[in-house]
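Enquirer: Sequence:
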Amino acid sequence: MHPLGILEAEMIFPHPEGSIRLKVEFVFMNNCTSQHLRPGNYYINIYGIDINNHKDRYFTIGENKRPKCAFALEKREITLIRQVKNANKEKFVSDQLIEAYISPELTLEIKEELIEILFQYREAFASDNEPLGAVKGHAVDIRLNVKRPYPPLLRRPAYPASTRAKEALESHINELMKLGVLTNIGHNEQVKSQPL
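So in my numbering, spot 29 of the sequence shown is number 242, and the numbers just go up one at a time.
Possibly wrong hints are sitting among the right ones.
What the hints assert, rightly or not - Straight-line alpha carbon distances no greater than 25 angstroms define the calculated DMTMM-like cross-link-like pairs of lysine to aspartate or glutamate that follow:
#1 K391 to E336
#2 K324 to D308
#3 K304 to E325
#4 K302 to E312
#5 K304 to E326
#6 K302 to E336
#7 K360 to E322
#8 K391 to E380
#9 K302 to E325
#10 K324 to E312
#11 K302 to E318
#12 K304 to E329
#13 K236 to E223
#14 K324 to E336
#15 K236 to E221
#16 K302 to E322
#17 K324 to E303
#18 K304 to E336
#19 K304 to E322
#20 K360 to E380
#21 K391 to D308
As the list claims (entries may be wrong) - Label-pair ranges, simulated between beta-carbon atoms:
#22 K304 to E221: 29 to 35 angstroms
#23 R377 to Q333: 45 to 51 angstroms
#24 G393 to K304: 23 to 29 angstroms
No wet-lab data here; the hints were simulated from the structure.
All of these numbers come straight from a predicted model, not from anything done at the bench.
Backbone N, C-alpha and C fix where the C-beta goes; we use that ideal spot for every residue, glycine too.
Throw the hints in and build the complete structure from the sequences for me.
Expert: Okay, structure coming up:
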């Protein structure tokens, strides 16, 4: 790469209490494209520019930290240019991938291939019927040693808990039982799940 030339331009940051004009120089390189403009620390420190990346992107100038001028936000939507023939896949994209962000730098073929892979393994995603996803084989077998002599931690008396804490714990356990994470079984039942 070698430079082709330099373009001097003035960049204006509009602000209600007085806009600032920055004189910038763009260096044009051969076979080089740029999609982003980033003012350096020199400009940011000299003019007191504060660029925030919270829920909304905005910048402030000087000591006033309130969001004054907002940057334009990109819409995070997944668009398929080619017609999706599978109705189930179309429903999956509109329901499950509605909040997903796919980089705009990917080509259309790669995007479609990625969506096809996600659709193929769609059972791994949580849904109303499967809040934890439908992936099987991730159960953990925990065996507790309750034979005497007990270890020191099991000899301790139960810690006192408030009524509110007990109710919260019972509610949490009931929620785990509804999800199928825990199962309440008797001492002589033979089941393939974790006893409570």
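Enquirer: What are the numbers of the hints that this structure violates, sorted from low to high?
Expert: 7, 20 and 22
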